[in-house]
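Asker: Go ahead and model the full structure; you've got the sequences and the hints to work with.
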Amino acid sequence: MYTRLMSLVKKEFIQFFRDKAMVFLVLYIFMEVAICGWALFLDVNNLPVAFYDMDKSAESRELLDRFRSLDNFSVEYFVNEPGTVDELIKSGRVDMAVIIPGDYSRDLARGLTTNVQLLVDGSNSQIAATALGYASQVIRDYSQAIEIERLGVDRKALESMPVINNRINVLYDPELKFTHFNLLAMLALAALLTGVLLAAGAIVREKEAGTLEQLMVTPISSAEFVIAKILPMGIIKTVGLGVGVVIAMFLFDVPLKGSLMLFFLLSTLIFFAAMGLGVLLATYAKTLQQVLLLSFFALFPIMFLSGTMVPISSMPSALQWISFISPLRHYMEIVLGIFLKGVGMEALWIHALALAIFGLVIFWLSVRRLNKGLV
Numbered sequence: 058m059y060t061r062l063m064s065l066v067k068k069e070f071i072q073f074f075r076d077k078a079m080v081f082l083v084l085y086i087f088m089e090v091a092i093c094g095w096a097l098f099l100d101v102n103n104l105p106v107a108f109y110d111m112d113k114s115a116e117s118r119e120l121l122d123r124f125r126s127l128d129n130f131s132v133e134y135f136v137n138e139p140g141t142v143d144e145l146i147k148s149g150r151v152d153m154a155v156i157i158p159g160d161y162s163r164d165l166a167r168g169l170t171t172n173v174q175l176l177v178d179g180s181n182s183q184i185a186a187t188a189l190g191y192a193s194q195v196i197r198d199y200s201q202a203i204e205i206e207r208l209g210v211d212r213k214a215l216e217s218m219p220v221i222n223n224r225i226n227v228l229y230d231p232e233l234k235f236t237h238f239n240l241l242a243m244l245a246l247a248a249l250l251t252g253v254l255l256a257a258g259a260i261v262r263e264k265e266a267g268t269l270e271q272l273m274v275t276p277i278s279s280a281e282f283v284i285a286k287i288l289p290m291g292i293i294k295t296v297g298l299g300v301g302v303v304i305a306m307f308l309f310d311v312p313l314k315g316s317l318m319l320f321f322l323l324s325t326l327i328f329f330a331a332m333g334l335g336v337l338l339a340t341y342a343k344t345l346q347q348v349l350l351l352s353f354f355a356l357f358p359i360m361f362l363s364g365t366m367v368p369i370s371s372m373p374s375a376l377q378w379i380s381f382i383s384p385l386r387h388y389m390e391i392v393l394g395i396f397l398k399g400v401g402m403e404a405l406w407i408h409a410l411a412l413a414i415f416g417l418v419i420f421w422l423s424v425r426r427l428n429k430g431l432v
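Everything in the sequence shown is counted per the working numbering, starting at 58 for the first residue and increasing by one.
None of these hints come from the bench; they were simulated from the model.
Source: prediction; values computed, not measured.
No false leads were slipped in.
Pair ranges (Cβ atoms, derived):
no. : residue 1 : residue 2 : range
1   : F135      : I382      : 53 to 59 Å
2   : N103      : D160      : 30 to 36 Å
3   : M306      : F70       : 25 to 31 Å
4   : L189      : V300      : 34 to 40 Å
5   : I369      : S316      : 23 to 29 Å
6   : K67       : R425      : 22 to 28 Å
7   : I369      : S131      : 35 to 41 Å
8   : I382      : Q201      : 47 to 53 Å
9   : R150      : M111      : 16 to 22 Å
10  : I369      : I203      : 42 to 48 Å
11  : F307      : K77       : 23 to 29 Å
12  : A413      : S374      : 22 to 28 Å
13  : S278      : F70       : 17 to 23 Å
14  : S182      : Q346      : 31 to 37 Å
We put the CB at the ideal spot given by N, CA and C, even for glycine.
Answerer: This is the structure we're talking about:
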């Protein structure tokens, strides 16, 4: 049995490295971690802003300077007509406009409430919400500074007044860098995608070449055949995952607070589950195009229910229960737990067990489907 298995494993390695497209696919998917690290983030930097100052006073210029002092905004246009503001936002040249009314400084001098209008392009709701948060904070800080000056209270006296302090402690990722979560989610997605596509592609290639029937009449069992298919792919995926981890840690400073060895050990569970799913899907397809379509329909709900796209707590209660069958949900808990929380098996064993059960069930179904009469 061992000799037969090793012969098949050797054949799979040879076939894989002969297929340049498949080699490129594996490298590309894990290299996407770098692309996403540079391109996908929710923070706002150098957001183009238009400034419509109808007051043109020292007070309005001070507010302008406060916006300019932040890296979040880039004041690129000074306009004199409201129509120009609309045109700039519609054309996409700016994402936000700050409009100061003509009676701004006069109302401030009289101690009256004045208004500063913020117009934001809401077509990208996430960027718009973040930009509004930063801009509102700028205006609040300036308003507080004016109030302190008006009351004649210096900073030291203000700090000595009794107040309620809002003490906020952010655990695990104190800087709240979305890049950390984003990169780790991409690593988990890459582990799932490559597993399904590699295993499915390997089976379908045998079908298209007409060699699957020849293999099935040899003394090997269906279980040996599936193991021979997923073992070399698992080794290749581990190398690819290692490349992704190096990129995340050294290019984007993603912290590793737990055990790297435990991470790779538990990653074998998602490999096993993903490649078993790929083999199972391939038994229902005859061509590569068919298996790619099947993979799309199978992977989308798995990804959607994992919490990487939408928080699980925001889903309807029925979907929250269904999400427990998503292997990616459990793997994400493992990845975040090891990298950001620094936890070990005492906290991750339930997710490891769920992945193992999913993988064993999928493996059993794959072996059953690979009976000679069903392929």
